[in-house]
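Asks: So you can see what is in the structure, the chains are spelled out below.
Number of protein chains: 2
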Amino acid sequence: MAQKPSIPKGTRDFSPAEMVRRNYIFDSIKEVFQRYGYMPIETPAMENLDTLLGKYGDEGDKLLFKILNSGDFLRKADESLLARKDSNAIAGQISEKGLRYDLTVPFARFVVQHQNELSFPFKRYQIQPVWRADRPQKGRYREFFQCDVDVVGSDSLFNEVELIQIVDEVFQKLGIRVVIKLNNRKVLAGIAEIIGEASRLTDITVAIDKLEKIGLEKVNSELSEKGLSDEAIEKLQPILSLSGSNAEKLVKLGEILAESEVGTKGVDELNEVLTIIDALNVETGVELDLTLARGLNYYTGAIFEVKAIDVEIGSITGGGRYDDLTGIFGLKDVSGVGISFGADRIFDVMNQLELYPPEVTVTTQLMFVNFGPKEGAHCLKLAGDLRKSGLKVEVYPDSAKMKKQMTYANKKNIGFVALVGEEEINNGVVTIKNMETGEQKSVKPEEITSVIG
Amino acid sequence: MAQKPSIPKGTRDFSPAEMVRRNYIFDSIKEVFQRYGYMPIETPAMENLDTLLGKYGDEGDKLLFKILNSGDFLRKADESLLARKDSNAIAGQISEKGLRYDLTVPFARFVVQHQNELSFPFKRYQIQPVWRADRPQKGRYREFFQCDVDVVGSDSLFNEVELIQIVDEVFQKLGIRVVIKLNNRKVLAGIAEIIGEASRLTDITVAIDKLEKIGLEKVNSELSEKGLSDEAIEKLQPILSLSGSNAEKLVKLGEILAESEVGTKGVDELNEVLTIIDALNVETGVELDLTLARGLNYYTGAIFEVKAIDVEIGSITGGGRYDDLTGIFGLKDVSGVGISFGADRIFDVMNQLELYPPEVTVTTQLMFVNFGPKEGAHCLKLAGDLRKSGLKVEVYPDSAKMKKQMTYANKKNIGFVALVGEEEINNGVVTIKNMETGEQKSVKPEEITSVIG
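Those protein sequence lines, which keep their order, are chains A and B.
Just so you know, we're using our numbering here: the first sequence kicks off at 31 and counts up by one.
Just so you know, we're using our numbering here: the second sequence kicks off at 31 and counts up by one.
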C-alpha cells in the first residue's frame, strides 16, 4: 500500500503538457487526411489470435501480447503439456485473443470483414496504440501509437501522388523540414533480374546503401563475399554510379533496365509519379533513392520514406504499395498503398526543435482568483459569460492564499488572472493581470475578451 | 484462410460513419471540459495487476482481462498447482499485467505516482477505452469508452457547481434534453442515523426508489420484511412523503435531520450547491433525488446522475465526491469530485433522436470525376488549390466508368461533384454538380468555393 505505484515497463503515462502537444500533432495530421477525403476507422485493441498469428514472422508471433482466457482457463488444457511446462503449446490452449501488433493486419481484416459495406476505393486513416512485447529501450515502447493512412481498391498512381502531397502538407504544417525518398520495388526486381541475381535483392540494396559510407570498391568486395558473380557485379556498376537529378537518373535507369519488363514498368511508374508531382505545388524535395528497401516482403510498387533534415533520427514516416494486403484473409486482388506516420519520433523531433506554436501550450486563458465565497460566486457568473464567448476560463475553487493561487496559475501556464474583490464588485469592474508582463488593468466585464483575446 | 475473419465477441469495429458521429460527441464534450480548464491525460492500456486487483470487489477481479507473461511463462509456475489445474492460483503466476477496467483506479494511480509533478487542484479529463470480461449483451461491450472528468485536491463545492454547469453545457450542445439528479451521501447517512438504522442505507434507498412504482404501503411492508423496526419505519415516513420544490424539500429535510450532524452537513451542502446554481445560467433542471444511491461504497458527498428525458435508457452520466480516492495507493486526504459521461449510451441517444448537425455527416465536400490521365492531372492541381482554402476535396483516382464514380460519391455522402473534361479544360471552367438537387453549373475555378461553401 505505502509503496509507490508504477506502470508496466515500456508503457507511459501522458501528462497534460504532453497530451496537448501530441494532440496538436495528431490533429494537424488528421486535418490533412480529411482534406484529402480520408475517413477515420477504429478497430478493437484485442483481435482473435488466429487473425494475428503468422502475419509478422516467428519473431513477431513471440512479441504478441496474449490475453489469458477468462474463467477456468486451465480446465481444457492438456495435462501432459502442463506437466512438461510447454509454454508455447499451452499458450494456444489458454489464450485465444491478443493485443493488436500493428494497424495493417487489423485493417486488412476490417476490409475483408466489411467488404460489402464499404465503397471502394476505400480511403481510411487510423490512429491507435499498438502493443509489442519488445525489450523496452530509449525511444522504443511496448505501447505506442501508429498513425496510418491507406487507400485500397485502386491501382492508380494518383494515390501515390496524393500520399506525397499529404506528407508535404503535414510536415509543412508542423514546421518540420523533411525530404521524401522514393523508390519502386519493381525497379529493384528489374535490377536483380538484369544482373542475373533475382534472389539477391536484399544484398544488393544493402550494398547500395553503404556506397556513400564505404566507397565503391568496398561495396564491390562485399558483394563478391556474399557470393555475387563477377559478371553480376560488373553489370551492377552503372547502377551504383547513378547520379544527377531524378530525371537524369531515371533516363539512365530506363536504358539499363530496358530488357527487364518489370524494371521498365517500375521506371515508368516512378516517371509518372515524379512528373505529376513536379507540376503540383509540392514544396518538399522528393528524391529517387534506390537504397530504399523497406517492406520488401510485401511492397510491390512504390516505396516511401521520409527523413527529417534537422534531426538525426532515421525515418519518421514511411510506406508503399502492396498488391495483396487482404489476400491473407481470402480477398484477392485488392491493391492498396499507404503510409504510416511515426507518431513517437515526430513527437521527439517537435520537442527537440521546439516547433509548437505558443497557443498550443496555453491551457486556460483566464483564471479568476478566489477571495471568498461571496466574491467567488460573483466570479462564477462572470466566468460563465466569458465561456459563452468561447474563452477557456477557470475560477480557482478554494479561497486559498493568494500565493498558492498564483503559483497554480503560473504552473498551469495561464495567461491572465482576474482579481475581483469587494471593491471591484462594488465598482462593477475586474482587475486583469497579464501573467507574463505583470501588467494590471481595471476593465469592465464586457471588455475582458478584447484585453486577453 | 477462406473463412471470413471476425473479432472477439463484445468488441466492435467503428466504421467511418460511426467514427465521425462518435468524434462529434467526444469533441463536443472535450471542448466544454477545456473551457473549464480541465486538461487531458492518458494512461497505458495495461496496468500492473497489483494496481488493479482488489479495487473492484471479487466480481470485478474476475472480469479483469489478464495478459499472459511473455516468453517461457510456465517456467516458474508451481507444478502441483498446474497438476491440480488451479486456474485461479496459476493466473497469479503466469500473468502480472491486466487491461484497465475503468479510468478511476488508473487516475488514482497516476495522481499518486506523479504527485510531485502535478499542481493541485488537479483538473483532468480522460477519454479512453476500458475492458471487462463481462458477458456481452445488447448495449454492453467488453471494450467500451469511458469519458471521465475529475478535480482532485479541492474540497470546495464550487467544483460540484462547475460539474453541473459542464453537464448542462455538454447536453445543450449535443441537443439532448436531460434532467440532473442530485443527492448527497451525507444526507443518506443522516437519515439512517436519525431512524437508528445506520447500517441499512441501501435497503432504505432501494425502498424510497420504489415509492412511485409500488406505493407507500408496500414500501413500508418491504422495509418491515427486511427487518427494519416499526419505530424506524415510523420515523422514515416524513422522508418518504417529502414533496415540493428542491428548496421546500431541503427545508423539511433540514428539520428532520436537525439532530444528525452529518445529515445537517449534507443538507447545507445541497443548499449551497443549489443556491449557487440558481444564480447561474444553468438551463438544465437540477432535481434533488434522495433515491440516488450510486457509488455508495466510495462517494462521500454529492452524488450526480443524468437522465435523458426523451429516451428510456437509464443514466447517461453520473458521478460524485469521494474523499479518499488515492488512499488505496498511500496518498491520504485528497478529496475529489468527478463525473463520467456514458459515451456508448450518449451515442445511442444521439442516433435514436438523430441529433447530429448535417455538417457532421458530410465527409468530402467536392469530388472531381476522373475522365482520364490528362484531365485527372489537371484536376489534381485544381484540387490542391481548393484544399489550400480549407476545403475537403477528392480526385477520384481511377478513370473508371462515370456510374461507378458517381455511386462512390453518393455512398460517401459527398455534396458536390466537379466534372472537368477536355472542353472544360479548354474553356478554363469547371462544371459543378450539386449531388442533392442534381443542379449543374459551369463556373471558373476561383468561384468554386462560393458555390459549394
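Quick caveat, the hints were computed from the structure, so don't treat them as lab data.
A hint or two may mislead.
A pair holds if it fits inside one copy or across any two, identical chains being indistinguishable in the list.
[Stated by the list, open to error] Below, in silico cross-link-like pairs of lysine-lysine (DSBU-like), each with a Cα-Cα straight-line distance of 30 Å or less:
(1) Lys60 / Lys85
(2) Lys85 / Lys39
(3) Lys362 / Lys418
(4) Lys418 / Lys34
(5) Lys463 / Lys411
(6) Lys295 / Lys431
(7) Lys434 / Lys60
(8) Lys463 / Lys418
(9) Lys431 / Lys362
(10) Lys295 / Lys265
(11) Lys471 / Lys92
(12) Lys248 / Lys337
(13) Lys203 / Lys60
(14) Lys404 / Lys418
(15) Lys433 / Lys411
(16) Lys39 / Lys362
(17) Lys362 / Lys115
(18) Lys418 / Lys60
(19) Lys240 / Lys282
Nothing here was measured: the structure is a model prediction, and the numbers come from that model.
Asks: If a hint holds in the structure, say so; if it doesn't, say that too.
Replies: Status of the hints after comparison with the structure:
1. Lys60 / Lys85: Within one copy only: 28 Å inside, 37 Å across.
2. Lys85 / Lys39: both (25 Å within a copy, 22 Å between copies)
3. Lys362 / Lys418: neither (54 Å within a copy, 37 Å between copies)
4. Lys418 / Lys34: neither (42 Å within a copy, 51 Å between copies)
5. Lys463 / Lys411: within (19 Å within a copy, 49 Å between copies)
6. Lys295 / Lys431: Between. Shortest inter-copy distance 25 Å satisfies the 30 Å Cα cut-off; intra-copy 74 Å does not.
7. Lys434 / Lys60: Cα proximity of Lys434 and Lys60: across copies only (27 Å, versus 39 Å in one copy).
8. Lys463 / Lys418: Only inside one copy: Lys463 and Lys418 sit 21 Å apart there, 38 Å across copies, limit 30 Å.
9. Lys431 / Lys362: Intra 69 Å, inter 22 Å, cutoff 30 Å: inter-copy only.
10. Lys295 / Lys265: within (20 Å within a copy, 91 Å between copies)
11. Lys471 / Lys92: neither (64 Å within a copy, 59 Å between copies)
12. Lys248 / Lys337: within (26 Å within a copy, 75 Å between copies)
13. Lys203 / Lys60: Classified as both; 12 Å inside a copy, 23 Å across copies.
14. Lys404 / Lys418: within (22 Å within a copy, 51 Å between copies)
15. Lys433 / Lys411: For Lys433 and Lys411, only the intra-copy Cα distance (24 Å) is at most 30 Å; the inter-copy one is 58 Å.
16. Lys39 / Lys362: between (40 Å within a copy, 26 Å between copies)
17. Lys362 / Lys115: neither (40 Å within a copy, 44 Å between copies)
18. Lys418 / Lys60: both (27 Å within a copy, 15 Å between copies)
19. Lys240 / Lys282: Within. Shortest intra-copy distance 21 Å satisfies the 30 Å Cα cut-off; inter-copy 86 Å does not.
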